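Protein chains in written order, with this note's numbering: chain G, 1 to 239; chain R, 1 to 422.
Since the hints were made in silico from the structure, they are not lab data. Remember, it's a predicted structure, so these values are computed and weren't measured experimentally. Among the clues, some could well be false.
As the list claims (entries may be wrong) - Derived lysine-lysine pairs resembling DSS-like cross-links, with alpha carbons at most 27 Å apart: (1) Lys-145/G / Lys-22/R; (2) Lys-291/R / Lys-218/R; (3) Lys-8/R / Lys-145/G; (4) Lys-8/R / Lys-131/G; (5) Lys-218/R / Lys-245/R; (6) Lys-95/R / Lys-245/R; (7) Lys-8/R / Lys-22/R; (8) Lys-131/G / Lys-145/G; (9) Lys-231/R / Lys-95/R.
Claimed, not checked - In silico negatives: residues of chain R with every beta carbon more than 12 Å from chain G: (10) Leu-30; (11) Val-111; (12) Val-151; (13) Leu-185; (14) Gln-196; (15) Ile-361; (16) Ala-375.
Each residue gets a CB set at the ideal place from its N, CA and C atoms; glycine is no exception.
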Amino acid sequence: MSVADDIVIHTRDLKKHYVMGTETVRALRGVDVDIRRNEYIAIMGPSGSGKSTLMNLIGCLDTPTSGEYILNGQPVQDLDDDDLARIRNREIGFVFQTFNLLPRASALHNVELPLIYAGVSSRERMQRARKALEQVDLADRMDHKPNELSGGQRQRVAIARALVNQPSIILADEPTGNLDSVTSEEIMSVFDGLHRAGQTIIMVTHEPHITAHAERVITLRDGEIESHDARVLIPATGA
Amino acid sequence: MGLRATVKEGLLVAFDSLRANKVRSGLTILGVTIGVMVVLVMAAMVQGLNGSFKDIIASAGPTTFYVFHAPVGGGGLSTGLEEEENEFMRNPPLKIEWSRELARLEPIRQVAPGVDVSDWGYHARRGDTDVRISLYGVDAEYMDMDGGDLVDGRFFTATEESRRRAVAVIDSATAVDLFGGLDPLGKRFNIGRPGQRETPFEAVGVYRPPDNLFAGLKTHYVFAPFASVMKYVRVWDRMVYFVVKPHDGVELEVALEAVRTRMRQLRGLSPGEDDNFYLITQDQVMDWWNKFTGVFFAVMVALSGVGLLVGGVGVIGIMMISVTERTREIGLRKSLGARRRDLLWQFLVEAATLTLLGGAIGMALGGIIVWVIGALTPVPASVPLWSIAVALLASIFTGIGFGLYPAARGAGLDPVDALRYE
Chain G
1 MSVADDIVIH TRDLKKHYVM GTETVRALRG VDVDIRRNEY IAIMGPSGSG KSTLMNLIGC
61 LDTPTSGEYI LNGQPVQDLD DDDLARIRNR EIGFVFQTFN LLPRASALHN VELPLIYAGV
121 SSRERMQRAR KALEQVDLAD RMDHKPNELS GGQRQRVAIA RALVNQPSII LADEPTGNLD
181 SVTSEEIMSV FDGLHRAGQT IIMVTHEPHI TAHAERVITL RDGEIESHDA RVLIPATGA
Chain R
1 MGLRATVKEG LLVAFDSLRA NKVRSGLTIL GVTIGVMVVL VMAAMVQGLN GSFKDIIASA
61 GPTTFYVFHA PVGGGGLSTG LEEEENEFMR NPPLKIEWSR ELARLEPIRQ VAPGVDVSDW
121 GYHARRGDTD VRISLYGVDA EYMDMDGGDL VDGRFFTATE ESRRRAVAVI DSATAVDLFG
181 GLDPLGKRFN IGRPGQRETP FEAVGVYRPP DNLFAGLKTH YVFAPFASVM KYVRVWDRMV
241 YFVVKPHDGV ELEVALEAVR TRMRQLRGLS PGEDDNFYLI TQDQVMDWWN KFTGVFFAVM
301 VALSGVGLLV GGVGVIGIMM ISVTERTREI GLRKSLGARR RDLLWQFLVE AATLTLLGGA
361 IGMALGGIIV WVIGALTPVP ASVPLWSIAV ALLASIFTGI GFGLYPAARG AGLDPVDALR
421 YE
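The whole structure should be built from the sequences, with the hints applied where relevant.
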């Protein structure tokens, strides 16, 4: 394998086709991406550009029609469902636009979930979930249920959940899409802090000012990469 | 993911959804509750009745057997088969003196003739008071076998029996109906059938039937010496039977063979002919009884099976709803690393928790019913341990069996589609 050691994500000619009735939608038409450890990447593009598809493939939620995808040194394009579940569990921390917390579970239990699927003992789960919540400044909200938390706090619980299993990458899909601008900045500064601490972050967004936080912007259009750095278009403001 | 953590996660989810949908869940598990309740109560009844029946047989002595002139169905109840009816008329009745012949046989300790005309419409009358009675002609040792008690007076003696004295032991119901509040001991009353000659008998004791399930079947018991009944009351000789008690330590088979051989001689049967009498052992009586309760039990199991089936269909419905409602949660859990089998287990545990809860409620209700039956009726109903295990397992497997399809559907969802589900 000719992938350099510090490359976390390496794709070559990644294609994804969907068959809709008699038509074949070519959502990704051959994407080459290399992302190094501790990079902070934003993926942009208009709707229908294939950025969600790319995110699903990078997040191992879906498998490519063809092409190569090496995640953290391991080819994953041909893995079966159970192996993909294991990869998602160990390598990827998802942060969603709608938080996706279990509504009737405490913040602590929500953060514990990935560790349950990792087979971690209950004592260690508690310790690590606590630590992750402390990392996002929610040490005093551990026993609160999502509906007792503000939007920003909920997203921080979700970030703690993404962090708890020490994944190779954090994959955030429009993480500020449901938040007001003040809270958005609060969440973005959490990501900034994680990045400074060495975390690799990939963020899908269509909001230009969010991309200002990233080191590199990948712009997709019609299933292909249009450019590898869009930051020149927007002056970095809040970073 | 360890099985324990999966089961625990399933339990958490199950109790969450129970709390959130109390009415819906309650209705779902109702069928299981009823099914389990019925199984439990029936098992307790059968268990109690069996125990009671075994006690009756044990008090008669395990090697005691009966000689009838024709086949009898379970416990004296005719099976109603035409062939049996024919034999009842075709086979000659037992002659009373044969009982003395049989008693001379070496393995046999005692032979007591008896006559059961409890269903033949005999009446007891005193002045204008008249009650229908269950009349039995028995021997002086009858009480030892029957298990009933004397509440007043005494049972008749062997001497009274051999002298064919017109004495009788009556039960409390007869005593009250016939003598009102008066002490019946030493007083006379008439026994006979309406329109036929009546014979005065003297009441010497008051009897209380044994506290078993048959106590409620008949009432107004009157026991008189067999010989006296044969002498004074016109009973049909086809109703006569012998109670045969072998000596202690004698093999039942040996005693049966001796009695069969002697009976064939007494009947004058030649070697090729079939027996025209019947030897009924306690085992056979027990077999009839087991067959009877077995049918009873099978019907109840079928009924409770219907309950579980209804509950199971409810489980399919509610789990389909639960899976659909939590499509996004399924997507989320998959994105966090849940495998198909983790989610399968989670949903199966949820379904099994529902049905197990239903089963537990059914057991509690059934337990109360059994307790009430035990307290209010002579049926010594008791919940056997195996029925608790069976009921719990049946409810768990109902949940797992019927939850399988919705669980597999939920667990098999594509994570991308599930996460996108609105």
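These are the hints, each one checked on the structure:
| no. | hint | verdict |
| --- | --- | --- |
| 1 | Lys-145/G / Lys-22/R | 20 Å, holds |
| 2 | Lys-291/R / Lys-218/R | 22 Å, holds |
| 3 | Lys-8/R / Lys-145/G | 19 Å, holds |
| 4 | Lys-8/R / Lys-131/G | 23 Å, holds |
| 5 | Lys-218/R / Lys-245/R | 26 Å, holds |
| 6 | Lys-95/R / Lys-245/R | 18 Å, holds |
| 7 | Lys-8/R / Lys-22/R | 20 Å, holds |
| 8 | Lys-131/G / Lys-145/G | 18 Å, holds |
| 9 | Lys-231/R / Lys-95/R | 14 Å, holds |
| 10 | Leu-30 | 24 Å, holds |
| 11 | Val-111 | 75 Å, holds |
| 12 | Val-151 | 65 Å, holds |
| 13 | Leu-185 | 76 Å, holds |
| 14 | Gln-196 | 81 Å, holds |
| 15 | Ile-361 | 23 Å, holds |
| 16 | Ala-375 | 43 Å, holds |
In terms of the numbered hints stated before, the structure departs from none.
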